[in-house]
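Make the full structure from the sequences, and use the hints.
For the sequence shown, the positions run 2 to 286 when the working numbering is used.
FYI, nobody ran anything at the bench for these hints, they're computed from the structure. The structure presented is a predicted model; accordingly, all values stated were derived computationally and were not measured. Take the hints with a grain of salt, since some may be wrong.
[Stated by the list, open to error] Ranges of calculated distance between the beta carbons of each label pair, as one might list FRET restraints:
1) ASP227 with PRO160: 22 to 30 angstroms
2) ALA106 with GLU281: 27 to 35 angstroms
3) SER185 with TRP40: 34 to 42 angstroms
[To be verified] With a cut-off of at most 27 angstroms between alpha-carbon atoms, the simulated BS3-like pairs for lysine-lysine come out as follows:
4) LYS137 with LYS92
5) LYS177 with LYS233
6) LYS233 with LYS137
Even glycine gets a Cβ: it sits at the ideal position worked out from N, Cα and C.
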Amino acid sequence: DIQILNCALYIEHLESALYTEGLSRFSVQNFVDAGLEPWIYGRLQEILEHEETHVNYLRSAVANAGGHPIGRCAYNFPYDDPMSFVELASKFETIGTAAYHGASAMLTDEQYVSASGAILGIEARHSGWIDSSVRKVSAWSGAFGVPLNCGQMLTLVSPYVESCPLKDLEISPLPKPYPPLTISNLARPNELVSLSFTIPKNSTSSSSLSAIFLTSNTGVLTVPVDLQDEQKPVQVRIPENVRGDAFVIIINNAKDVLDENIFAGPALMRFDFDSADRLESKIRK
Numbered sequence: 002d003i004q005i006l007n008c009a010l011y012i013e014h015l016e017s018a019l020y021t022e023g024l025s026r027f028s029v030q031n032f033v034d035a036g037l038e039p040w041i042y043g044r045l046q047e048i049l050e051h052e053e054t055h056v057n058y059l060r061s062a063v064a065n066a067g068g069h070p071i072g073r074c075a076y077n078f079p080y081d082d083p084m085s086f087v088e089l090a091s092k093f094e095t096i097g098t099a100a101y102h103g104a105s106a107m108l109t110d111e112q113y114v115s116a117s118g119a120i121l122g123i124e125a126r127h128s129g130w131i132d133s134s135v136r137k138v139s140a141w142s143g144a145f146g147v148p149l150n151c152g153q154m155l156t157l158v159s160p161y162v163e164s165c166p167l168k169d170l171e172i173s174p175l176p177k178p179y180p181p182l183t184i185s186n187l188a189r190p191n192e193l194v195s196l197s198f199t200i201p202k203n204s205t206s207s208s209s210l211s212a213i214f215l216t217s218n219t220g221v222l223t224v225p226v227d228l229q230d231e232q233k234p235v236q237v238r239i240p241e242n243v244r245g246d247a248f249v250i251i252i253n254n255a256k257d258v259l260d261e262n263i264f265a266g267p268a269l270m271r272f273d274f275d276s277a278d279r280l281e282s283k284i285r286k
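Okay, here's the thing in structure tokens:
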């Protein structure tokens, strides 16, 4: 439970840092100049307050459970205007929601299960509000959420983390991230997407790989990977019916997405759609 709570604290630190930096960097007028309504700035300030409250609660929860709360890392957030700031916030809220979903299934203490569920509900509201009211796309991807474990969450956010307090990680180690999976081109459902990852040395199962798409609207979808050259990106056809946010993972020929079966990922892919289930013409990274 302590490790799972520290994983939650890790993503809350990240979210809090992003909102603190972005709202300090941009003004209400900057938002207006970027085509955003002025009241959106105030709502994002409220979200920041929520994330700071989550940080404080999780610090206390870890300490009260006899653990060492991890501290904030140093980050590198790639945005240069209010809209790209909002896009990054949307990604983090999507990842955070999925991480809390996964954590709720793994916690054993009833009080932490309840607290995780309470925070999960708020993170999901953050995610839905940003997507619908600010990004002007669907507030949801389907009828069910997608759960992620701590290692999968760490894999998704690690490109934005420059360094973390070494002492904290020695006292309170977190699971290792999985090998990274890079999406090399923008593509839509039923189109080919290039995925780059490193094949482990001396691997005996790299000749039979699959891309697993974890989706909210169509469940878990499996697509074969044609590995012709280990030095080049592989081509994978995105399942036709995927909508909204999907997490893609490369696994060996096993059927289960277990630690020992994961070669790389997850990576987040986004397929925005309108109320008639039509894909948006603009593909977002």
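Against the structure, the hints come out as follows:
1. ASP227 with PRO160: 22 to 30 angstroms: holds, 26 angstroms
2. ALA106 with GLU281: 27 to 35 angstroms: With Cβ atoms ~32 angstroms apart, the hint holds.
3. SER185 with TRP40: 34 to 42 angstroms: Given a distance of about 38 angstroms, which is inside 34 to 42 angstroms, the answer is holds.
4. LYS137 with LYS92: holds, 15 angstroms
5. LYS177 with LYS233: holds, 25 angstroms
6. LYS233 with LYS137: Violated: LYS233 and LYS137 sit about 36 angstroms apart, past 27 angstroms.
The structure is inconsistent with hint 6 alone, although it conforms to all the rest.
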